Amino acid sequence: MGLLDYFRSTQSRRSSNSAAVAKERLQILVAHDRGSRRDGPDYLPAMKQELLDVVRKYVAIEQDQVKVHLDRDGDYEVLELNITLPDDPRPVR
Amino acid sequence: MARIIVVTSGKGGVGKTTTSASFAVGLAQRGYKTVVIDFDVGLRNLDLVMGCERRVVYDFVNVINNEANLNQTLIRDKRVDNLYILPASQTRDKEALTHDGVERVLNELKQSFDYIVCDSPAGIEHGAFMAMYHADEALIVTNPEVSSVRDSDRILGILASRSRRAERGEDPVKEHLVLSRYAPERADRGDMLSVDDVLEILGISLLGVIPESQSVLQSSNAGTPIILDGDTEAGMAYSDMVARFLGEDRPHRFITAEKKGFFKRFFGN
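From first to last, the protein sequence lines are chains A and B. Here the first sequence is numbered in my numbering, starting from 1 and rising by one per residue. Here the second sequence is numbered in my numbering, starting from 1001 and rising by one per residue.
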């Protein structure tokens, strides 16, 4: 590092602190990733799809009419399944 | 009882194989009978880094398929006593590592080895999962860089939920951070995540910091694990890491920038 570089780098030391930006972004990201991990085991999406397929064998429903939600309260886990049937259920043949 | 240690990271190119090789050599140098297994089926590389690529006759998949036994397949290291290498297969069939097959081979190795080091492939696919599944301890190799840190966190999540220990409700896999390619002067300048930053984000204990060093490339060029070159900073850092793993109390070196003298500051280096 020469004399000129020295002054240049002192300046950049003040103006850019990209590591701090990286740390902040990572902290947010990791917290989010860990949160969604806690949202439920990774079989939930597949299970939701299978449930949807079963119901569709009998009643015509849309993708968003099945809601799967896992709640955790202490030692309990509650799997909540909400299927909205249409007003005039058309049986599937 | 043998301990199984997986060397993993999620992200590729962060130093898993380099770490596996040096870690296994270090354990063997201290008298522990050690085997290092390459789980990267289809992309075998540990043999190159260990310098035994021309001695590969049979491989891991041959043993799983009962086409060869372990005695025929294990390569004995010529430099260090007590060290053996189990090379990966070059087959393109990624599913060749069957669950039962891997378990059988590991159980057989457990009979005669103190440490079984599993060099995981990158990613979170079958091979990586197989390498992680049986682990008692994990070395999480991470570079001070955003994508590597994020991937390491993903791997920690998988170890905590899908390893054999997790499935059986046993004590969790013991996790160790190995921060590699670290450049203290860049961290000081604020251009690179510091040791403390990464520790704060990942929240696991620090086993070793390996400084970024040109000698690592030179050693893999030659097929000599860097730990065997005791004159290099990276080699010394790996020796320290092994000592710490075995319970010795060693301060971390190479984590602060060298102070530059007056002349170096003004006239460059």
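Please keep in mind that the hints were generated in silico from the structure rather than gathered at the bench. Mixed in with the good hints there might be a few duds.
Derived Cβ-Cβ restraints for the label pairs, each shown as a range [stated by the list, open to error]:
1. A:Leu79 x B:Asp1249: 40 to 50 Å
2. B:Asp1171 x A:Asn17: 50 to 60 Å
3. B:Asp1171 x A:Ser18: 47 to 57 Å
4. B:Ala1068 x A:Asn17: 53 to 63 Å
If you're wondering where the values come from, they're calculated on a predicted model, not measured in any experiment. Virtual Cβ for every residue (Gly too), placed ideally from N, Cα, C.
* Asked: What hint numbers does the structure not satisfy?
  -> As far as the earlier hints go, 2 and 3 are violated by this structure, in ascending order.
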